[in-house]
Every structure is written in C-alpha cells, then in structure tokens.
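Enquirer: Note that the protein sequences, when read in sequence, are chains A and B. Counting with this note's numbering, you get residues 1 to 296 for the letters of the first sequence. Counting with this note's numbering, you get residues 297 to 826 for the letters of the second sequence.
The set of hints was computed from the structure by calculation and includes no laboratory data.
Here are the computed distance ranges between Cβ atoms for each label pair:
(1) A/L130 / B/G447: 32 to 42 Å
(2) A/G124 / B/E337: 29 to 39 Å
(3) A/L22 / B/D569: 34 to 44 Å
(4) B/S401 / A/G122: 24 to 34 Å
(5) B/E623 / A/Y32: 48 to 58 Å
(6) B/E610 / A/L130: 46 to 56 Å
(7) A/N139 / B/L411: 22 to 32 Å
(8) A/N139 / B/Q379: 13 to 23 Å
(9) B/A800 / A/F57: 56 to 66 Å
All C-beta atoms in this analysis are idealised placements derived from N, C-alpha and C, irrespective of residue type, glycine included.
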Amino acid sequence: MKIKNTAVDRAFIAVNYTLLTLCFLLVLYPLYYVVCASVSDPVEVNLGHVFLYPRGFSMEGYHKVFAYQPVWIGYRNTIFYTVVGTAISLAVTLSCAYALTRKELLGRGFFMMVITITMFFGGGLIPTYLVVREMHMINTVWAILLLGATSAHNIIVTRTFMGSSIPGEIQESAMIDGATDFGIFFRIVLPLSMPIIAVMTLFFGVGRWNSYFNELIYLNDSKLYSLQLYLREILVRNQISEIMSAEDAEAAAEQARVAEIMKFSLIIVSTVPIMCVYPFLQKFFIKGVMLGAVKG
Amino acid sequence: MKKLVSLTLALLLLLMSSALASDVDVYTNKQPMPIAEEKIELTMMAARQAMHGNWEDMWWFQYMEDLTNIHWNFDLVPSDSYQEKKNLVLASQDLPDMFYGGGISKADEVTYGGLGIFIPLNDYLENSMPNFKAAVEKWPDLYTYAITLDGNVYSFPYIWRSASSGTTKYVINKDWLDTLGLDMPETLDDLYNVLAAFRDHPELSEKGPMIPFSGLNNSSIQIDQLVLSAYGLLGGSAKQGFTNYEVVDGEVKYAATLPQYKDALTYIKKLYDDGLIDSEYFTQTSEQWSAKGANLQIGMYNCAAPYVVCSLEEAASYKLMAPLVAEEGQEKIWPQTSGIQTGRAVITCVNSYPEETARWIDYTYSTEGANLEVCGPEGILWHWVEEGVVWVSEEQKFKDSGLNSWSGYKLAYVSPDVSPLAMDTSLFYDLEDYPPVKKAWYASYRDQLAPYYKSFFPDMYYTDEEQMEISSLTVDIESYVEQCKAKFIVGEMSLDTFETDYMAALEKMQLPRLLELQQTAYDRYLANLD
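Can you make the complete structure from the sequences, with help from the hints?
Expert: Right, here's the structure in full:
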C-alpha cells in the first residue's frame with residue numbers, strides 16, 4: 001500500500017533534495033572546473049574566462065604531459081611505492097594488531113604503551129634522518145618503503161576491530177580443532193577482517209600515493225622520485241623577478257608557460273587512479289572507521 | 297701553434313669588445329690545467345631547478361672533468377625545497393664536499409663559518425686562484441664585499457654587472473602613445489596625463505577592457521619604484537629587489553618615513569582614485585596579471601622584458617621608460633643592485649681537496665670560463681665569426697627539443713648556469729643574428745637607464761646578535777609599513793595621519809633601534825671598503 005505524502009513531507013523532501021543538490025554541486029564544481037581548465041587555453045583560464053565550459057579548447061596540456069618523460073618515471077615509481085609499500089604496511093599492521101588482541105601475549109600492556117607513546121612524541125626530523133643514514137637507506141627505495149610502514153593510530157583501529165568483531169570463542173574452537181597460531185591468523189582472523197583490511201589498504205594506499213616529504217628528504221636520485229615530487233617540481237615554479245636580466249626571465253617565463261599549460265592536466269593525470277579506486281572502497285571505509293571508533 | 301691561435305683570438309676579442317675596455321686581462325684562463333694528476337672524486341650539493349636536465353649529462357660538467365681531472369658526484373635537491381634539505385644536512389653533519397650554485401645566505405656564512413663547517417677561503421683566493429685575482433683587480437669590491445666580520449671569506453662571490461641586469465624596468469605601449477599623439481612621459485604630471493588618455497580611449501585595447509597600469513602591490517611588479525625615484529628615493533621598494541633603507545648624508549634612514557615617500561604615496565593614491573591603476577592591483581595573482589599582459593590590455597607595466605609577457609612581435613609595441621622626475625630640471629636617478637652575490641659556492645670541512653676545489657671554481661672567474669659556463673661550447677648555441685660572437689638562433693637542435701628559447705635548451709642540456717663567476721657584459725648587445733626587438737631592447741637599457749644608475753643601501757654581514765635583533769624588528773616593521781601603504785592608497789587611512797599616528801606606531805615598534813643597528817653595520821661596511 002502506498003502512503004500518500006502529506007504537504008509537509010513533500011516540502012521536506014523538496015528542501016532536502018535542493019540542499020543535497022546544492023552540496024553536490026558545491027563539491028562537484030571544483031573537480032569540473034579542473035577538467036574544463038585542463039582543456040582550455042591557459043591565458044583564458046588566468047583571465048578568469050573559464051567558468052562553465054572550456055574556452056580556447058586545446059589538448060596541448062595532455063600532449064605535453066604524455067610527452068614529458070619524468071612524469072612516467074614518477075608514475076612507475078609511485079605505483080611501485082604504493083603497491084609494495086601498502087603490502088608491507090598491511091603485513092606489519094595486521095600481524096601487530098592481531099598479536100595485541102591475544103590475551104596470552106606477554107607484556108601486552110607494555111607494547112601497547114610503547115606504541116601509544118609514538119602518537120604523542122616523535123623523534124624529530126634530524127634524529128630520524130641520522131638513523132636512516134646509519135642504516136645506509138639514504139637514496140634507496142627502502143627509505144620510502146620502510147619509513148612509516150605503520151602508524152599507531154592504524155594499529156589501534158585494527159586491533160579494536162579484531163578484538164570486538166571476532167569473538168575469542170571462534171579462535172578457541174579453532175585451537176581445539178588443532179589449528180596453530182599461524183593457522184588461526186591466516187584461516188580464521190584474516191578472512192573475518194576483510195572490512196578492516198580494505199580500510200587499511202585505502203588508508204595506506206592513498207597516503208603512499210600522495211606522500212612526497214619522505215621522498216624529498218631521503219632521495220637524491222631523480223630516477224627514484226615519485227610522481228608527487230615531479231608534480232611539485234613543475235608546479236611550484238621559480239618566481240620570475242622583474243629585476244632579472246631579460247635572458248634569465250625568458251627562461252623562467254618559459255618554465256612558467258610550460259607549468260601553466262601542464263598544471264591542470266597533470267592534476268587530472270595524477271589523481272585519476274585514486275579517484276577510480278575510491279568509490280569501490282569507500283563503503284568499507286566508512287564501515288571500518290565506525291567500527292573502530294564506536295566500539296573502541 | 298694552437299696556443300698562439302687561441303691567444304690571438306682572445307686578444308682580438310679583447311680589442312673588439314668595447315665593454316671589456318680595461319687594461320686588466322680577465323679574458324684568458326690563467327689556471328694551469330689539469331688540476332689533478334690522478335682523478336679526484338668529490339660530492340657537491342646543489343639546487344636543481346625544474347628547467348634543469350640531469351647535471352651529470354650536461355656538457356659543462358663533462359667538459360670540466362676532461363679539463364681538470366676532477367669528477368663530481370651530484371646530490372641534487374629540487375630548488376623549492378633546497379633550504380629544508382640544506383639545513384637538515386648542515387644540522388646532521390652529513391656534509392657534501394661543496395655547496396654549489398647559491399642558496400647559502402650571509403647568515404649561514406656567519407653561523408657555519410664560525411662553527412668551522414665552512415672553511416675560510418682567503419688563502420686560496422689569494423694564492424691559488426689567478427683568474428680571481430685578475431677579476432679583483434678589475435672589480436675591487438668583489439673581494440671586499442665577501443669579507444665577513446671575522447675577516448674571513450667563506451663563500452665564492454659572483455659578479456655580473458651589466459646595463460641590463462639588477463634593475464627593474466617599466467614599459468609603456470608606444471603605439472598607443474603615437475595614436476594619441478603623445479610623447480614619452482618625462483615627469484610625473486606627463487605620466488598622469490598619458491595614463492588618463494589611455495583610460496579615456498578604451499578602444500585602443502582591442503582584446504579586452506583597457507587597463508592603464510596593472511601590476512600587483514607587495515610584489516616585484518608594483519608601481520612604487522617609478523614614483524619613488526621621481527621623488528629622489530632609491531629605497532622604499534624592497535619588494536622589487538632593492539631596499540627599504542635610504543642613506544641621507546651618511547645617515548641611515550627608513551625610506552617609508554621620509555617626506556618624499558609621503559609625496560609618492562599621495563601621487564599613487566591619485567592614480568588609484570582616478571582609475572588609472574588596475575582595480576585588481578591589490579588582489580590579483582601574477583598569473584592573472586601576466587594573462588592580461590599577454591592579452592595586450594595594459595598600457596604600462598613593469599617586467600624584465602616585454603617579450604617575456606607577450607610574443608616577440610607584439611613586444612615591439614612596448615618601449616622602455618626612462619626614469620621620471622617630479623619636477624622639470626630635477627636630477628634623474630634609478631637604482632641598480634651591485635651585481636655581486638655571495639654564497640654561490642662554499643667548501644665544507646670534510647673536503648680533502650679544498651685547494652683543488654678552489655682551483656676548479658677559479659676557471660669561471662676568467663671570462664673564457666664564464667662564457668663557456670653561461671653559453672656552452674661553440675657550435676651548439678653560438679659560433680665565432682670574424683666580426684665577433686653570433687648566436688645560431690635558428691639552430692635546429694633546440695627547436696627540435698621542444699624548448700622555445702635557447703636559454704631553455706641551455707639549462708636542459710648544456711649548463712645549469714649557477715657557478716660563481718665574474719662578467720661585466722651582457723653577451724647580447726652586438727649579436728648579428730639576434731632578433732631586432734631584443735637588440736633594441738638591450739640598446740634601450742644602455743641609453744635610457746644605465747646613465748642614471750645609482751647603487752643603494754648594501755646587503756651586509758651582521759653579527760649573530762645583530763642578525764637576531766634585526767630579523768625580529770624587521771618582521772613587524774615591514775609588515776606594518778606594507779599594510780599602511782595599501783591603506784593609504786585605497787583611502788582607508790588618511791595621509792594626514794602620516795606624521796602623527798603612522799610615525800608614532802613605527803616609533804613604538806622600535807624603528808630607531810633598528811636604524812641604530814643598521815647604522816653600526818653600515819659604518820663598519822664603509823670602513824671595510826677602504
């Protein structure tokens with residue numbers, strides 16, 4: 001049976017939809033603007049003529065991006081850092097969190113405390129740099145992959161999830177059936193932790209994809225640079241000073257011109273992969289965060 | 297025989313280039329080569345700009361390795377994050393053998409030189425660097441400028457003093473002037489009339505709304521210096537690369553407190569009120585400004601060269617403005633930087649071959665070396681012909697590379713162009729194949745600006761304590777002055793309060809103390825010069 005909406009209901013729905021549509025447009029417009037700007041003439045963009053549709057249509061930006069070798073080196077490296085780095089992060093975080101859920105673990109409280117302390121106190125940049133140097137990891141991929149392999153926050157969220165949503169009884173019954181500790185972890189706990197694994201993959205993956213600071217500090221060889229570093233190098237251009245000699249200013253202006261042309265297409269090229277993955281993972285994302293938070 | 301040929305060539309060049317009319321031979325390299333019998337390997341840290349290619353692949357470093365037998369390993373940092381990385385490396389003592397290409401401030405020299413991390417170079421400069429010695433004979437201040445307070449020199453200085461660099465330039469659309477039947481402005485009143493005529497003839501600008509003057513307050517493209525010099529001030533526009541201080545009869549003053557500064561603000565306010573300055577003067581970005589320039593909407597603006605803003609053909613409409621005066625008959629002045637920079641290269645305490653490193657640097661203090669570093673080898677970007685140097689501007693090589701200018705090509709493949717060096721000529725004055733617009737542009741520097749150049753309050757070394765006090769005082773004072781300038785111009789603050797509220801506030805911010813510190817440093821600087 002269909003219940004007829006009252007006038008108040010209809011008004012409510014109308015207002016609701018209007019507001020939601022407005023919010024939606026508000027969020028969508030910047031993205032739409034970047035897409036428009038990426039296929040417009042940069043001069044038109046800077047004159048503020050691009051508003052609702054592209055002006056002075058040109059694909060030069062994309063041509064330049066695709067012809068620009070470093071972008072692809074950066075792309076390759078970023079994919080490597082993201083895939084391998086996320087795998088390492090998951091391995092560390094999941095096993096650590098699982099161990100902390102087991103009541104038999106000796107010194108559980110102590111380990112928890114040590115991990116929690118890192119949320120409030122860091123070593124600082126220079127001591128960290130010295131440690132990395134002493135381990136001969138400067139200018140190697142390991143500095144990027146191993147540094148920040150996990151975070152206290154993520155361990156706690158994962159531990160809370162595992163502790164609250166996987167009953168200890170399941171583990172006990174598995175043990176009675178003859179499962180080893182590893183067996184319990186791989187065959188019982190991991191399959192039941194899929195939502196949190198998805199969330200952590202997303203957390204770590206996006207973090208790795210966007211990170212540039214460690215790369216900036218620990219890498220010297222431009223062949224190891226990630227996409228974000230190349231992006232930064234192109235977009236944060238040198239200021240053209242009017243005091244420069246004309247020769248220097250010409251070189252700087254050319255760089256600025258290239259940057260202007262490539263700016264928006266580069267943003268698109270570098271965010272598309274993450275934007276493609278995000279919708280599929282975001283339902284886990286919300287679920288996982290709520291689980292960790294509410295019952296924690 | 298070969299030596300004789302190159303010597304003759306060098307002499308010939310010396311005779312021909314009028315800019316080098318001096319009895320000191322700074323052209324030929326006097327540093328014996330190779331520097332090392334056995335190959336030496338050293339590490340340098342440097343800022344890599346986005347335009348730069350891989351330094352190890354660049355012609356310049358390969359050439360230098362063949363010449364000197366010194367091999368450099370490069371630790372390159374993207375230029376925008378160089379300061380962070382430099383501080384990290386200095387603090388963690390994970391040092392390279394040399395910092396190269398700039399980015400070492402005077403304060404760094406004082407701090408790290410004092411700690412012994414940068415080594416004193418006096419001995420090498422005097423005894424192992426014959427090219428540097430010749431350069432100092434020609435430009436004596438090159439050496440004195442780099443002496444820190446403890447008497448040591450910690451960084452290799454750089455000098456490039458030519459008519460075209462180290463100054464700001466204003467251009468005006470000459471075609472529009474001609475259409476309106478107006479002359480180039482000579483006085484501030486002329487300028488007002490010209491800009492008002494532009495405003496009243498919006499049809500001159502075909503592609504967009506006419507803007508008589510556009511720029512950006514608080515940046516290097518502001519209108520300030522043009523007006524300030526007309527009132528006889530060299531200081532007051534630090535944002536344009538100059539200074540906030542003015543020396544009046546040996547006494548250091550803050551330019552923004554002088555009556556001439558008030559006159560200049562009054563004039564700028566009049567321009568702003570009458571719609572002669574872009575209404576977005578306070579809010580736009582330099583990209584927006586540059587887009588307006590490229591759209592040929594602006595009558596007058598401030599730029600390194602008009603062809604940096606618009607195309608070479610369009611740039612022919614814009615002509616350089618000579619300095620203006622407030623009243624007829626007044627002396628014209630225009631500020632130019634000394635052209636000397638310190639901090640282009642420093643040697644650190646971990647370097648086992650400091651003398652060899654200094655001799656490697658020495659090569660670019662000869663004009664021969666500097667030319668090669670700045671322009672690359674003959675045949676790529678230029679070649680010798682009988683009359684002198686000629687740019688091969690049609691060279692297919694860099695056209696194919698997709699880079700539009702030869703400087704872009706140079707930075708990508710030939711040389712990063714960041715070495716300490718000594719030169720006094722713009723290489724482009726007398727070039728055969730150079731585009732006429734650019735040639736005319738260089739000639740106009742020489743004729744219209746160079747005669748009025750005055751050097752202004754210098755960049756000096758301070759002791760650690762002075763540095764700290766000056767930095768903390770300057771932050772407040774400068775930002776207050778900048779704020780008030782904008783308020784005076786738009787009328788939020790009345791210029792009647794200039795002598796009262798404004799001055800009182802500056803007094804409260806301890807401006808007199810700042811001036812006292814600067815005066816001490818300035819007197820010390822003058823004493824050093826003798």
